[in-house]
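Asker: Sequence:
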Amino acid sequence: MERESAAAEEPASPGRRRPRRRRWEGRTRTVRSNLLPSLGTEDSTAGASKGERLLMRGCIQHLADNRLKTTKYTLLSFLPKNLFEQFHRLANVYFVFIALLNFVPAVNAFQPVLALAPVLFILAVTAIKDLWEDYSRHRSDHEINHLGCLVFSREEKKYVNRYWKEIRVGDFVRLCCNEIIPADILLLSSSDPDGLCHIETANLDGETNLKRRQVVRGFSELVSEFNPLTFTSVIECEKPNNDLSRFRGCIIHSNGEKAGLHKENLLLRGCTIRNTEAVAGIVIYAGHETKALLNNSGPRYKRSQLERQMNCDVLWCVLLLVCISLFSAVGHGLWVRRYQEKKALFDVPESDGSSLSPATAAVYSFLTMIIVLQVLIPISLYVSIEIVKVCQVYFINQDIELYDEETDSQLQCRALNITEDLGQIKYIFSDKTGTLTENKMVFRRCTVSGIEYSHDANAQRLAKYQEADSEEEEMVSKVGPISHRGSTGSHQSIWMTHKTQSIKSHRRTGSRAEAKRASMLSKHTAFSSPMEKDITPDPKLLEKVSECDRFLSIARHQEHPLAHLSPELSDVFDFFIALTICNTVVVTSPDQPRQKVRVRFELKSPVKTIEDFLRKFTPSRLASGCSSIGNLTNNKSSNKSGSTFLPSLSQDNMLLRLEERLGQTAPVIASNGYASQASQAESWTSECTSEQKCPGDQREQQEGELRYEAESPDEAALVYAAKAYNCALVDRLHDQVSVELPHLGRLTFELLHTLGFDSIRKRMSVVIRHPLTDEINVYTKGADSVVMDLLLPCSSDDARGRHQKKIRSKTQNYLNLYAVEGLRTLCIAKRVLSKEEYACWLQSHIEAETSVESREELLFQSAVRLETNLHLLGATGIEDRLQDGVPETIAKLRQAGLQIWVLTGDKQETAINIAYACKLLDHGEEVITLNADSREACAALLDQCLCYVQSRNSRSVPQNSESSFSVGFSFNPASTSTDSSPSPSLVIDGRSLAYALEKSLEDKFLFLAKQCRSVLCCRSTPLQKSMVVKLVRNKLKAMTLAIGK
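So the sequence shown is residues 1 to 1045, counted in UniProt numbering.
Honestly, the hints are just simulated from the structure, not real lab data.
Computed from a predicted model, the values in this text were never measured in an experiment.
Using N, Cα and C, we set each Cβ at its ideal position, and we do this for glycine too.
Some hints could be false.
Distance windows between CB atoms, simulated [what the hints assert, rightly or not]: (1) Glu936 <-> Ile760: 22 to 32 Å; (2) Pro982 <-> Val388: 28 to 38 Å; (3) Gly256 <-> Gln558: 17 to 27 Å; (4) Lys1010 <-> Glu888: 43 to 53 Å; (5) Glu888 <-> Leu326: 56 to 66 Å; (6) Lys835 <-> Leu1041: 49 to 59 Å; (7) Ala202 <-> Lys129: 24 to 34 Å; (8) Val390 <-> Val113: 22 to 32 Å; (9) Lys129 <-> Ser245: 32 to 42 Å.
Starting from the given sequences, assemble the full structure and let the hints guide the process.
Answerer: Shown next, in the form of structure tokens:
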């Protein structure tokens, strides 16, 4: 049951200002359980408080069903609506007008029925096609509406099977693993011991990474199973809207307490439950009020650019026809007036024997000439166009060059009316990650405390995968003519030189067949190939991590064990702790149930109680209840087709592995808050290389290994890297995260807060209580352009300050080196909070969390206040290789005259390196780099760039020279200068792009971009990407293609 609350409310007491609250309440709805008595009855109001009775009295019973209807027509509306859509084609209006005009006896030139036949035929054929498409949608709707799910029945007092279409707002729904969510549901119960649920949103945003959802506060602490019959709370939330990233509201319990609701509490329709045995919740939005359907505008008639151009041409032809007919009518009228005595020889008299007046004769002549000259707009043209479109669709679907043999899939043409627009595209906009690249991150190298670790052994390991992949490609190319098509050079290591700097070509180095098999076997695992998971550690850094571990295992009972470490070793320890816990990675293990570990703490959080940490959890059935998490190793070993050389490769390329103790079911908890492992040191001393193990031993070892699932592949890459250094993430709950080290054993950190990543802050942070020091630490990771500005200022007066400046300078140099090599860079930082600082920040943060209005803005400000005065720990470089055929595809598109814009959030040096690797930029062309620190500087640089571009054809550029016109503007000339040199390419960073998109500068920026062959926008936000596409589309009136986010 729900109601739309009115804007009016009870008068506020004197001195109280509530205008903002009043405006928000005018946009809310109230949802109650359908199991409660109907509103307005005595039973429903008995025992309720005064506020609840007022709330119930204003409620109107309105049960929104969950029926899906995407059809455009009904039996009654089909004919008028279809004709209305077809009459948007002006030629149809013209032909119908001519056919009807031919029914006028005084002006008809042909048999009326014969003239009407072609028009009716065209309209009928199009109507039948539209009717068939609508009938297909009707069948699809029928299948979806008759899907089954478990809904709680008030009569039977249990969950019963019902169709999706029978679900109403206020119903309680129970879902199991791998089940599709039928409506927007507020999560109230989960089989997960900490009230978590994981969903896959591929049907909404195309992302296969799992998203985490949380049970509403107050329900996750329930020890007994959730009972819908006892649910008496009232839910106030915003009206239905299409914003997938926002949900605001509050739940009012029967005792009057309120709890805030946000997007992490909402399960969206169309998503799939993953890695959670069962969940239950109440339906908030159903049917066409769900966010998924509100984002789907429904079927619409798509008109191609050719059709719109033909409509314009039809108007010109009609105007020409009117002019010709008018000229003929005027001439005929003048002739009738002049030759009154002779007109009887040429005109047919009326039935009474009288003759037509000159004006009437002119009108009749005008209409007759329109009928006679109607062939000026041929009706056969539209029939020919429809036939050509059908043939185009057939040839596109059957084109063998567009067939992918790896996935056994062909191209599908879903929009039949706009196929010809593919040939009219002038601008292609693409993001980088996941579109040009594989979106499979591989940890390559890092720097800690100003010391760089190159991980040469890891690079050699990847080179072996590359060599094996090349051999596999050669074998496959000999089997059939299709296998080698479109992959020329796509698996070779290409080195390019530019300004004496070597740039690595980011090609895929992993085995295609292996990746395909692994992805099919484990669809929802963050990484599926050993190439991404098995990181070979750097020996020097591994020795330092081991030294930290051994020292802390001895000094852990001291008061401040970390204080006895050297600054370098302390940074190393914190660096890997940050890599392990500063994320939202989900840990799954088929052997080990998740258990909650008691942690010690002194400062109490107002939102947590001691019972939260002492309550017992039943063992989770996470792994056994979800069929999507299978035994990856066994499946992988059983699939041997086309990869006979892989076992030997894996045997020669194994990593240093440490024996993992993950089979314990009841760890002993020590008084200091971490698991006590009496004999653990002995079990971890057997560090041996896997080269000494046989493949069978390796498979047995991997059967029980941990698996990490992350929303971002970067996070999983960093967690796997930390695991390679024996710092393994073994468990994550809502309020604690456990890390296992060889000698220290299991450390359980109290997870106080997680400040998620967003495109504005460009970073994420976690607030934890350290089990060794009992300090409150903030670990932050994010873009170097942001994190480096948030570091604690260093003084040059003392030695420590000078040392920190030196470390930051070295780290920045290494970050630039990583970017030049095309690696994705991240900075890792830390901050230690005093209890007073944390208590002060926590008070404002809780207010932001419980706020209903402007919650997102308040949480953003709260995160910004916390993420300051950071201490730099180090930086990482992650590789994201290009997909197969990307350089060849971009080269062909540029050769065809298309202008390609790549909009990426990567660092500028990284983006430029990727651009050269994918042939967006060529070494033989000029590149203009535009960086500005202010609006005035951006305007001046745009003027200088425009002057140069306009004058470049009239002057020659000196060979092998470089010139800099201003700060932030650089010109990289081509290696050779000729009069017919190609247009330059433009590179612009995110800050300069923000200035260039302002109203006063957008025309200059657009004019400059038009003169360039390619445009590369770096450090751009999603909002800037959409603004760039809209600017080009609206200003240039060109056909554009936008790919990715």
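Asker: All hints are to be evaluated individually against the structure, with a verdict given for each.
Answerer: Now for the hints, and whether the structure bears them out:
1. With their beta carbons about 24 Å apart, Glu936 and Ile760 fall inside the hinted range of 22 to 32 Å.
2. The beta-carbon spacing between Pro982 and Val388, approximately 34 Å, falls within the hinted interval of 28 to 38 Å.
3. Our hint of 17 to 27 Å for Gly256 and Gln558 is violated, since their Cβ atoms are close to 48 Å apart.
4. Taking 43 to 53 Å as the suggested C-beta distance range, the pair Lys1010 and Glu888 does not conform, at roughly 26 Å.
5. At about 58 Å, the CB distance of Glu888 to Leu326 agrees with the hint of 56 to 66 Å.
6. For Lys835 paired with Leu1041, a C-beta distance near 55 Å keeps the hint of 49 to 59 Å intact.
7. With their beta carbons about 31 Å apart, Ala202 and Lys129 fall inside the hinted range of 24 to 34 Å.
8. For the pair Val390 and Val113, the beta carbons lie near 29 Å from each other, so the given range of 22 to 32 Å is met.
9. Checked against the hint of 32 to 42 Å, the pair Lys129 and Ser245 passes, with Cβ atoms roughly 38 Å apart.
The structure fails hints 3 and 4 (numbered hints given earlier, in ascending order).
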